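S.K.: Sequence:
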Amino acid sequence: MKPTASERSSATDRERALEPHLEQLRGATGIAADATSVVLGNQILSIAPWEREALRRFSAGTDEKGHHWPALAREGLAFLAKCGERAQEERTDDAESEDRIDEAAAGVAILRDLQVIIEELVRGGRMKEVKQLSDLRNRIHQGVTSMKTPLGPGAQIRIESRAAAMVPARPDSVPTVGSSAAGVTDESNEARPQRPTQFKRDAAPVRVIHQSVGNPNRLLRPLLVVLVISVAVLFGLSITGTRHVGTPVLTAEEFGHIPIVRSIEARPPSLFVRLNGAAWDGLSAAERLDALRAAASIAEQAGYVGAQFWAPDGSVAGRWSKKNGAELVTESSEGS
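Our numbering numbers the first residue of the sequence shown as 499 and each following residue consecutively.
Among the hints, a few may not be true.
[Claimed, not checked] Keeping only pairs whose Cα atoms sit at most 20 Å apart, straight-line, the calculated DMTMM-like set for lysine to aspartate or glutamate is: (1) Lys629 to Glu617; (2) Lys629 to Glu618; (3) Lys629 to Glu752; (4) Lys646 to Glu587; (5) Lys629 to Glu551; (6) Lys646 to Glu596; (7) Lys646 to Glu752; (8) Lys646 to Asp600; (9) Lys626 to Glu551; (10) Lys820 to Glu752; (11) Lys820 to Glu798; (12) Lys821 to Glu798; (13) Lys820 to Glu763; (14) Lys646 to Glu751; (15) Lys646 to Glu583; (16) Lys646 to Glu785; (17) Lys646 to Asp597; (18) Lys646 to Asp511.
[As the list claims (entries may be wrong)] With beta-carbon atoms standing in for the labels, derived distance ranges: (19) Ser544 to Val814: 41 to 51 Å; (20) Arg524 to Ser544: 14 to 24 Å; (21) Glu583 to Thr534: 13 to 23 Å; (22) Val814 to Ile542: 48 to 58 Å.
Hint data in this document are derived by calculation from the structure and do not stem from the laboratory.
Quick caveat: nothing in here was measured; it's all calculated off a predicted structure.
Glycine is no exception: its CB is placed at the ideal position from the N, C-alpha and C atoms.
When you get a sec, could you build the whole thing from the sequences and use the hints?
M.R.: Take a look at the structure:
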């Protein structure tokens, strides 16, 4: 399947931020079979055996069809090299340059792609691959943190906004994890969220078929069991509501890199966000809207369809829906 225009644009922006190291890795056909490191610019990066094999497969064009790991490993290593170079630079007035913001945004975008694949692998029970990708994710997360630490709130908001544009939207029907060496398994089906069972009170009445049986209790007993279970399920649904199957319960940890987020209350498929007053008050209206969009992007990728943002005083400061996008809430908009 050819990439869409959105995917090409997202990939192009991300790749541009990671050059020239991506180009160096594209031509890395001479990586030894027992290599434990790779040189990018003036950086020497340690690589795990699976990362080495991913780079070798990618440069040789032999990676499995639809398999995203070699490309993500390549992008992740290029980003880590960028982090090493930035760490060696002296603090200057140019610390919040557009290049630095784009590089940090590329790192955040890679993290989001990795998280999607890791969650699918967990559902498929492929824990070895989960550990491998989690190790890479942790290293990239440390790099993102180090690159964002010297930046002000405004720059960090721009990072999140640009990162959202660097992650291509994927249809739910297209699995992001490639097939295993043994071929496609049922994992792709297991990874898809299942539709919740809907219970309708106005369902058609059950037809009772009368049969002549030797012992009526043998027929009544299983019917009573089914009736009791059905009542219990319906009662539970009336108390808790229908659970949105397949949507993870997000926590504040997933939003730790967004300064405006103080706490999270997840009620899939809706999300309620308590804002950090100090960070929120220091932003302009445009920056606030960018911040809402950055947080909403994480929620949308996790399967949520709406979010509400509360100011420290308990008032609604903003809202987001998958249908209408993000918007700020003011007194005038509330009254209209």
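S.K.: Hint by hint, note whether the structure agrees.
M.R.: A quick look at each hint next to the structure:
Proposed proximity of Lys629 and Glu617 is supported: the alpha carbons are some 12 Å apart, at most 20 Å. With a CA separation close to 13 Å, the supplied pair Lys629 and Glu618 stays within the 20 Å bound. As the CA atoms of Lys629 and Glu752 are separated by approximately 18 Å, the hinted pair is consistent with the 20 Å bound. A distance of roughly 14 Å separates the Cα atoms of Lys646 and Glu587; the hinted pair therefore holds under the 20 Å criterion.
With a CA separation close to 16 Å, the supplied pair Lys629 and Glu551 stays within the 20 Å bound. Proposed proximity of Lys646 and Glu596 is supported: the alpha carbons are some 13 Å apart, at most 20 Å. Under the criterion of a C-alpha separation no larger than 20 Å, the hint pairing Lys646 with Glu752 is consistent with the structure, at around 16 Å. Of the supplied pair hints, the one linking Lys646 and Asp600 holds, its CA atoms being roughly 11 Å apart against a limit of 20 Å.
Distance hint between Lys626 and Glu551 is fulfilled; the C-alpha atoms sit about 15 Å from each other, no more than 20 Å. Between Lys820 and Glu752, the direct Cα distance comes to roughly 19 Å. Compliance with the 20 Å bound is thereby established for this hinted pair. Between the alpha carbons of Lys820 and Glu798 the distance comes to roughly 7 Å, so the proposed pair stays at or under 20 Å and holds. For a cut-off of 20 Å, the pair hint linking Lys821 to Glu798 stands: about 11 Å separates their Cα positions.
Among the hinted pairs, Lys820 with Glu763 is consistent with the structure: their alpha-carbon atoms are about 18 Å apart, no more than 20 Å. The hinted pair formed by Lys646 and Glu751 meets the criterion: a straight-line CA distance of about 16 Å does not exceed 20 Å. Using a Cα cut-off of 20 Å, the hinted pair Lys646 and Glu583 holds, with the two alpha carbons roughly 14 Å apart. This hinted pair checks out: Lys646 and Glu785 have alpha carbons roughly 17 Å apart, not beyond 20 Å.
The suggested pairing of Lys646 with Asp597 holds, with an alpha-carbon distance near 13 Å, which does not exceed 20 Å. Taking the CA atoms of Lys646 and Asp511, the gap is about 19 Å. The hint holds against a cut of 20 Å. At about 48 Å, the CB distance of Ser544 to Val814 agrees with the hint of 41 to 51 Å. Under the hint 14 to 24 Å, the C-beta atoms of Arg524 and Ser544, about 20 Å apart, fit the expected range.
Evaluation of the 13 to 23 Å hint for Glu583 and Thr534 yields a pass: the beta carbon distance comes to about 21 Å. For the pair Val814 and Ile542, the beta carbons lie near 51 Å from each other, so the given range of 48 to 58 Å is met.
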